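If you read the protein sequences in the order shown, they are chains Z and S. One rule links them: number in this note's numbering = place in the first sequence (from 1) + 49. One rule links them: number in this note's numbering = place in the second sequence (from 1) + 11.
These are calculated hints, taken from the structure and not from any lab test. Any given hint could be a false lead.
[What the hints assert, rightly or not] Which chain S residues face chain Z? A few, computed with CB under 10 Å, are given here: (1) 33; (2) 45; (3) 52; (4) 63; (5) 138; (6) 142; (7) 164; (8) 170.
[Claimed, not checked] Sample of chain S residues lacking proximity to chain Z, with all beta carbon distances greater than 10 Å (derived): (9) 89; (10) 206; (11) 231.
[Unchecked claim] Below, computed lysine to aspartate or glutamate pairings styled on EDC-like, alpha-carbon distance capped at 16 Å: (12) 134/S - 155/S; (13) 325/Z - 574/Z; (14) 284/Z - 162/S; (15) 284/Z - 158/S; (16) 114/S - 204/S; (17) 27/S - 162/S.
Keep in mind the model is a prediction, meaning the values are calculated, not measured. For every residue, glycine included, the Cβ atom is placed at its ideal position computed from N, Cα and C.
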Amino acid sequence: MTADISVRKNYLNRDYSIASWLTTIDHKRIAWLYLVSITAFFFFGGAAATLIRLELATPAGDVVETETYNRLFSLHGIVMVWFFLVPSIPATLGNFLIPLMIGARDVAFPRLNLLSWYLYVIGGTFTLAMAIAGGVDTGWTFYTPYSSLFANGQVVLAVVGVIVAGFSSILTGLNFIVTVHNMRAPGLHWTRLPLFVWANYATAIIMVLATPVLAITLLLIALERIFGIGIFDPKVGGDPVLFQHLFWFYSHPAVYIMILPGMGVVSEIITCFARKRIFGYDGMAFALLAIALIGFLVWGHHLFVAGESVYAGVIFSLLSFMVAVPSGIKVFNWAATLYKGSVSFETPMLYALGFVGLFTVGGLTGITVAATAVDVHVHDTYFVIAHFHYIMVGGMVMAYFGGLHFWWPKMTGRIYPDRWGRIAAITIFVGFNLTFFPQFVLGYLGMPRRYHTYPDEFQLLNVLSSAGAPVLAIGYLLPLVYLLYSLKWGPVAGPNPWDAKGLEWQTPSPPPEHNFDRLPVVTQEPYAYGLPKRDSDAARS
Amino acid sequence: MAYRNAIPTPPGAEAKPAPQFDSLRQQYEADTLGMWIFLASEILFFGGLFMAYVIYRAAYPEAFEAASGRLDLLLGGINTAILLTSSLTMTLADDAVLPRNRKALIGWLAVTALLGTVFLVIKGVEYSVEFAAHLAPIFGRPFDFPEPHTEQARLFFSFYFALTGLHALHLFIGIVVVLIMLALAIRGVPRLEAKVTIAGLYWHLVDLIWVFVFPLLYLAAHHG
Ligand code: HEM
Ligand SMILES: [Cu+2]
Numbered sequence: 050m051t052a053d054i055s056v057r058k059n060y061l062n063r064d065y066s067i068a069s070w071l072t073t074i075d076h077k078r079i080a081w082l083y084l085v086s087i088t089a090f091f092f093f094g095g096a097a098a099t100l101i102r103l104e105l106a107t108p109a110g111d112v113v114e115t116e117t118y119n120r121l122f123s124l125h126g127i128v129m130v131w132f133f134l135v136p137s138i139p140a141t142l143g144n145f146l147i148p149l150m151i152g153a154r155d156v157a158f159p160r161l162n163l164l165s166w167y168l169y170v171i172g173g174t175f176t177l178a179m180a181i182a183g184g185v186d187t188g189w190t191f192y193t194p195y196s197s198l199f200a201n202g203q204v205v206l207a208v209v210g211v212i213v214a215g216f217s218s219i220l221t222g223l224n225f226i227v228t229v230h231n232m233r234a235p236g237l238h239w240t241r242l243p244l245f246v247w248a249n250y251a252t253a254i255i256m257v258l259a260t261p262v263l264a265i266t267l268l269l270i271a272l273e274r275i276f277g278i279g280i281f282d283p284k285v286g287g288d289p290v291l292f293q294h295l296f297w298f299y300s301h302p303a304v305y306i307m308i309l310p311g312m313g314v315v316s317e318i319i320t321c322f323a324r325k326r327i328f329g330y331d332g333m334a335f336a337l338l339a340i341a342l343i344g345f346l347v348w349g350h351h352l353f354v355a356g357e358s359v360y361a362g363v364i365f366s367l368l369s370f371m372v373a374v375p376s377g378i379k380v381f382n383w384a385a386t387l388y389k390g391s392v393s394f395e396t397p398m399l400y401a402l403g404f405v406g407l408f409t410v411g412g413l414t415g416i417t418v419a420a421t422a423v424d425v426h427v428h429d430t431y432f433v434i435a436h437f438h439y440i441m442v443g444g445m446v447m448a449y450f451g452g453l454h455f456w457w458p459k460m461t462g463r464i465y466p467d468r469w470g471r472i473a474a475i476t477i478f479v480g481f482n483l484t485f486f487p488q489f490v491l492g493y494l495g496m497p498r499r500y501h502t503y504p505d506e507f508q509l510l511n512v513l514s515s516a517g518a519p520v521l522a523i524g525y526l527l528p529l530v531y532l533l534y535s536l537k538w539g540p541v542a543g544p545n546p547w548d549a550k551g552l553e554w555q556t557p558s559p560p561p562e563h564n565f566d567r568l569p570v571v572t573q574e575p576y577a578y579g580l581p582k583r584d585s586d587a588a589r590s
Numbered sequence: 012m013a014y015r016n017a018i019p020t021p022p023g024a025e026a027k028p029a030p031q032f033d034s035l036r037q038q039y040e041a042d043t044l045g046m047w048i049f050l051a052s053e054i055l056f057f058g059g060l061f062m063a064y065v066i067y068r069a070a071y072p073e074a075f076e077a078a079s080g081r082l083d084l085l086l087g088g089i090n091t092a093i094l095l096t097s098s099l100t101m102t103l104a105d106d107a108v109l110p111r112n113r114k115a116l117i118g119w120l121a122v123t124a125l126l127g128t129v130f131l132v133i134k135g136v137e138y139s140v141e142f143a144a145h146l147a148p149i150f151g152r153p154f155d156f157p158e159p160h161t162e163q164a165r166l167f168f169s170f171y172f173a174l175t176g177l178h179a180l181h182l183f184i185g186i187v188v189v190l191i192m193l194a195l196a197i198r199g200v201p202r203l204e205a206k207v208t209i210a211g212l213y214w215h216l217v218d219l220i221w222v223f224v225f226p227l228l229y230l231a232a233h234h235g
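Just chain Z, with the same shape it has in the complex (with noise of 0.2 Å):
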């Protein structure tokens, strides 16, 4: 099975030129398009962040003006939020595996996933002009009035990007759902789809239901700007926390996108490398529909001083505890799996690992600002800052470097060289903590976000964060390099290096055009590790 892959016609050989490439339908390929426009934003986006470390090293306002730090923080946050965490799994990941996954020639609607690509780019060229003309001072919230009244940055061209992006993971979303409804291989039942699969599709759902919100909400503000309609406007009336609850109706659901896919990566990975069965499926599955379907419900958490009234609050805290609980559930079924299993501790597993105790600390913590009398007190400071940071890039960034680990030999057909891997790894989880950890202090000593100076006495845990962020930038540097070096050198994968389970690895790596020679029935469920091999590997080897 491990013949020469440059004889065999798969997704990648059968056609190199551009134009290829640029109107392919395949989602394989457009995984691949994703896959390299998101890592063009993610650094982007990390060079803002870098420049505010740099600032921050320091109390005094040295490195950049007070407004050049509005807007760095502003493009950090728009930029990593929309244009590389929202489509970060879903878009690279999740369209390469599902129709693998699924037993799927392809998603049920190609076209509209090449559009979605191209709204990205439309959307992401959007902010690269508002980023060249000036960029914006509002933060990634575009909070009212800063976006309306008293906006004085490139707040149109800022929220028509995020608007086309937004309509990018709709149709994402779209195709996702009909996919997982429709395409599914004769036998796959529902209870016998990968979790993978199924964080996706609860995602999905999110995109589908949520973005359209933020749509209208940002077009209020485009329009406000433009034909100067008054929605948001005091002087006639209008509310500015109106905005709050409609921007954080969708905002708080985004959060779920941007972590529900993680925890689906983390358990493939996670059974794989335990080699044993998922511990609680059904419990799985049930927990990312409930996160997904609860966190419609918990927006008002970030409004707790904001004039919400204490009823409210008290309701919006109490859901937004309830949250915890599918989350907890899944926490615990991840310890179970690896409970008495072989675990073995290649580079993705050791992402995995990360995910799990960096999103316990970051959930904990979420429950810690839910509470609305700690909120008074934390919010607007980095103890948020550190809270969220420790989901969205200690859990979710984690996780897409996982699965992008995992995966990497069925994209390419090629293994990297898994000490790298490992150092990789290990590098980025000690930088992450060594910049993060440390604001969680600095928030509940009550350094408050979004200034560029601050007092002496928190300069000590200011330069501890400061120091590891060269440690994460070099943890993240090092994959872009041997993983492009293993395209060239890397060894020659196989089908099946890792030994799993999933349809995904039943086929070639890099999968034909097609992506199975012939079409799989599906007997047995996702994660028969320990259990006798599948007919179709016995066929095989």
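Based on these hints, arrange chain S with the ligands on the given structure of chain Z.
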């Protein structure tokens, strides 16, 4: 060791599903499900705006009623009737989608597109009257409304233009879609079932949104 064939053999050359599907039936189901999901998304898009409107309507009842009284109920009512009728003709088009009814399909699609266009023309007339009466608080144009409700009336008219404008944009897209169906039907393209059903779903949604826009905006002054 069970396998199904990778490429199904189609019964007739024209009746071939797209390559990612196994059968036309699967394709039809995927297409309609996709459209339903898109409609759900659209409902939330307008939903955000409706919710914001309802909040302000509850906060400033007198102002919104006074402002609503300045809308042209007659033209709005006529437009409602037109749009509801267009949904009927769209359904009739859907009903006539099989090849033997080609003439009827062409006819009903044409009537549907025509009704949609008439709606937009009437809407344009309303807009121009409102612009002339200084009721359009956009582009920095003058806005005249008697005290004490001047400011909140501005808010009402902001919503009026945002809601009806977005609805008109959707209707415009709907008309383009129906015209494309019409072109396909005239060129004798076979198997329009899925396409016309999907175009119809979209058309009905745009109609349905108007069914909410109309009472919220036009009837606010005329309740109870
Ligand atoms: C256990 C579940 C979680 C709970 C109970 C929770 C709770 C909270 C609360 C109460 C806040 C507001 C704090 C404040 O502004 O004072 C907050 C902020 C935030 N959370 Fe979470 N959270 C949870 C999970 C997540 C996840 C999974 C993500 C992302 C993947 C996330 C991302 C964020 C972000 C981005 C903010 C700050 C937004 C801003 O103001 O810029 N949270 N969280
Ligand atoms: Cu939240």
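Against the structure, the hints come out as follows:
Given the 10 Å rule on beta carbons, the hint for residue 33/S holds: about 8 Å separates it from the nearest Cβ of chain Z. For the restraint placing residue 45/S at the interface with chain Z, the shortest Cβ-Cβ distance is roughly 5 Å, inside the 10 Å limit, so the hint holds. Among the interface hints, the one on residue 52/S holds; its C-beta lies about 5 Å from the nearest C-beta in chain Z, closer than the 10 Å criterion. Because the closest C-beta pair between residue 63/S and chain Z is about 6 Å apart, less than 10 Å, the hint holds.
The restraint placing residue 138/S at the interface with chain Z is violated, with a minimum CB-CB distance near 13 Å, outside the 10 Å limit. With 10 Å as the threshold, the beta carbon of residue 142/S stays out of range of chain Z, its nearest partner Cβ sitting at about 13 Å, so the hint is violated. The criterion of a C-beta within 10 Å of any C-beta in chain Z is met by residue 164/S, whose closest approach is roughly 9 Å, and the hint holds. At about 7 Å, the closest approach between the beta carbon of residue 170/S and any beta carbon in chain Z falls short of 10 Å, and the interface hint on this residue holds.
With a closest Cβ-Cβ approach of about 26 Å to chain Z, residue 89/S is found to remain outside the 10 Å limit, as its non-interface label requires. Chain Z leaves residue 206/S outside its interface by the beta-carbon criterion, the shortest separation being 14 Å against a cut-off of 10 Å. Non-interface status of residue 231/S relative to chain Z is upheld: no Cβ of that chain comes within 10 Å, the nearest being about 16 Å off. Taken as a hint, the residue 134/S and residue 155/S pair is broken in the structure, with Cα atoms around 21 Å apart against an allowance of 16 Å.
The straight-line distance between the Cα atoms of residue 325/Z and residue 574/Z is roughly 12 Å, inside the 16 Å bound, and the hint therefore holds. For a cut-off of 16 Å, the pair hint linking residue 284/Z to residue 162/S stands: about 8 Å separates their Cα positions. With a C-alpha separation of about 15 Å, the suggested pairing of residue 284/Z with residue 158/S holds against the 16 Å cut-off. Distance check on the hinted pair: residue 114/S and residue 204/S sit about 15 Å apart at the alpha-carbon level, within 16 Å; holds.
Pair hint residue 27/S plus residue 162/S does not hold up; C-alpha atoms about 60 Å apart against a cutoff of 16 Å.
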